[in-house]
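Q: Chains as they are written, first to last, in numbering that gives the first Met the number 0: chain A, 0 to 297; chain B, 0 to 297.
To be clear, the hints were calculated from the coordinates, so they are not data collected in a lab. Warning: the hint list may mix true and false statements.
Chain copies aren't distinguished; within one or between two, either way the pair holds.
Said to hold, decoys possible - In silico EDC-like links for lysine to aspartate or glutamate, alpha-carbon gap of 16 Å or less:
no., residue 1, residue 2
1, Lys274, Glu110
2, Lys241, Glu160
3, Lys46, Glu2
4, Lys195, Asp164
5, Lys195, Glu252
6, Lys195, Glu110
7, Lys145, Glu205
8, Lys57, Glu276
9, Lys241, Glu194
Since this is a predicted model, take the numbers as computed values, not measurements.
Number of protein chains: 2
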Amino acid sequence: MSETIGMIGLGNMGLPIAENIQHAGYSLKVYNRTASKAAVLVAAGAKSVPAAADVATKGGIVVTMVSDDRALEAICSGPDSFVSRLGAGGVHISMSTIAPATARKLAEQHEKAGVAYIAAPVFGRPEEAAARQLAVCVSGPAAARKRIAPILAAVSRSIFEFGEDPGAANVVKLCGNFLLAAAVEALAETFTLAEKNGIDRVHAFEMLIQTLFPCPIYQSYGKRIAEHTYEPPGFRLALGLKDVNLVLQTAGEAQVPMPTASLLRDRWLSAMAKKRENLDWAAVALGVSEDAGIRVGS
Amino acid sequence: MSETIGMIGLGNMGLPIAENIQHAGYSLKVYNRTASKAAVLVAAGAKSVPAAADVATKGGIVVTMVSDDRALEAICSGPDSFVSRLGAGGVHISMSTIAPATARKLAEQHEKAGVAYIAAPVFGRPEEAAARQLAVCVSGPAAARKRIAPILAAVSRSIFEFGEDPGAANVVKLCGNFLLAAAVEALAETFTLAEKNGIDRVHAFEMLIQTLFPCPIYQSYGKRIAEHTYEPPGFRLALGLKDVNLVLQTAGEAQVPMPTASLLRDRWLSAMAKKRENLDWAAVALGVSEDAGIRVGS
């Protein structure tokens with residue numbers, strides 16, 4: 000009989016990840032705030048349960064993919080959480096992008112219940128999750144990492160190990176998102192400089208990706224920013240601010256001045272103040288144009 | 000009989016470019032402050048002349064590749080410069096990375112002498128110049144651009160046209176170098192954040208270039224910065240400051256706030272103050288580490 004895995008969080012990323020765990024032959028017990036999201040999984044044999052804690056099997060494995068630190072802490076806490084129901088020998092695979100400090104704190108709490116906390120944040124969009132093309136960064140107790148390796152393999156194309164520190168995988172996930180955000184800001188400044196010198200933004204973009212930056216990230220964000228097209232969002236601007244704030248929080252705790260991250264925070268805050276939270280996060284580029292006296296699209 | 004092209008400036012970039020013009024079947028008249036640099040060209044039939052102005056043939060073409068705006072203005076000015084010797088129908092292909100404003104001013108002066116000024120800055124390292132793998136951005140009068148197209152084709156793998164404005168090609172060249180410098184700073188902040196969280200810089204680098212940033216620029220600069228190896232320099236830090244200053248000058252003239260460029264200037268100035276002018280420009284990353292209380296390599 001196949002092992003039953005618990006899964007909490009069936010959003011844009013959680014649902015395709017759960018489907019791939021199911022495709023790999025595991026049984027699933029799933030919970031989502033909006034229960035209807037589980038329909039496709041239930042049709043394929045999963046059991047939808049009424050409370051987050053109910054996904055846990057004693058000594059088993061639970062995967063979580065929720066929106067932020069607060070949501071994760073909420074489902075992990077209390078005398079009857081899924082963590083206490085997992086109990087000794089249980090493993091929690093935590094895939095959400097959260098603060099390394101939160102991961103470390105949760106890991107300590109889990110340990111008291113005999114549960115191993117594994118940080119396993121992922122790089123990739125929902126369509127990449129569906130196609131098993133995610134990259135997973137993983138850290139936490141070695142024995143538990145070994146036990147869950149087949150599950151990570153079932154949902155990803157590559158796995159990067161970052162040792163025992165449960166916060167480490169979250170640090171490198173934040174590093175990646177920080178580099179993306181910094182590239183977005185730099186591209187926006189670049190195209191604005193070109194535009195105000197009479198140069199077509201898209202023409203400058205095409206030259207740059209054919210010469211210095213022939214990589215998918217610069218191609219996709221560069222195109223959005225050159226054309227100022229921010230709908231539909233690939234990654235919501237509000238979530239981008241969350242990540243920039245997590246970078247600065249982590250940098251503060253480690254005493255690492257990150258002037259670029261500080262600058263990004265102000266840029267993202269301004270975009271939030273202009274009600275752009277539901278556009279793609281590259282829409283911070285609108286603020287760069289506005290700062291240079293350019294009104295976009297009107 | 001083949002057309003004779005004049006060439007001024009036989010440095011790391013100018014020499015391989017001159018060789019490729021020669022290989023394409025043109026005759027060359029060359030000038031360099033250090034005349035011995037011309038030896039390989041002379042051995043293959045080029046004529047080395049004693050003064051910059053002597054490279055010019057009436058109504059012909061002169062290519063320049065010199066260190067900065069001041070050097071270029073010096074050789075272009077005066078009653079007996081190569082520009083006045085070119086005279087009506089002449090074309091100056093200016094490949095140096097200079098301020099767009101300087102290009103525009105020179106273009107006006109050239110016009111009075113009947114000479115077309117073509118801005119043709121290049122992307123690529125000396126080894127790429129040797130292998131005809133440069134990308135050239137070109138702008139200036141259309142007829143002259145058409146005339147010189149075979150020469151640009153002889154030295155590059157791709158040519159990007161940016162219209163009549165003689166400053167435009169220099170603007171996009173600066174855009175490219177600005178994006179590189181911004182990526183260097185962001186990588187340095189990233190690896191410092193990782194390091195102070197107990198994560199190996201090189202391991203974080205390897206994950207990032209296999210996931211989000213599989214492009215040559217991130218691979219080469221990322222490796223330098225992760226390992227803190229800045230010798231031998233690919234591009235000298237002092238030249239990087241020149242370019243950052245040109246970006247800010249151009250942004251100032253066009254009224255484009257570029258907070259990332261402002262931040263880069265301070266970073267580069269600090270590296271100059273620490274006598275790092277002859278290291279690779281990625282050595283600004285040492286300052287990022289030092290700001291976080293890390294002493295590198297001692």
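Q: Next step is simple, just say for each hint if it's right about the structure.
A: For each hint, the structure was consulted:
no. : hint            : result
1   : Lys274 - Glu110 : neither (42 Å within a copy, 50 Å between copies)
2   : Lys241 - Glu160 : neither (24 Å within a copy, 41 Å between copies)
3   : Lys46 - Glu2    : within (13 Å within a copy, 81 Å between copies)
4   : Lys195 - Asp164 : between (48 Å within a copy, 13 Å between copies)
5   : Lys195 - Glu252 : between (40 Å within a copy, 10 Å between copies)
6   : Lys195 - Glu110 : neither (57 Å within a copy, 24 Å between copies)
7   : Lys145 - Glu205 : neither (45 Å within a copy, 21 Å between copies)
8   : Lys57 - Glu276  : neither (40 Å within a copy, 62 Å between copies)
9   : Lys241 - Glu194 : neither (30 Å within a copy, 22 Å between copies)
Checked against the numbered hints above, the structure violates hints 1, 2, 6, 7, 8 and 9; every other hint is satisfied.
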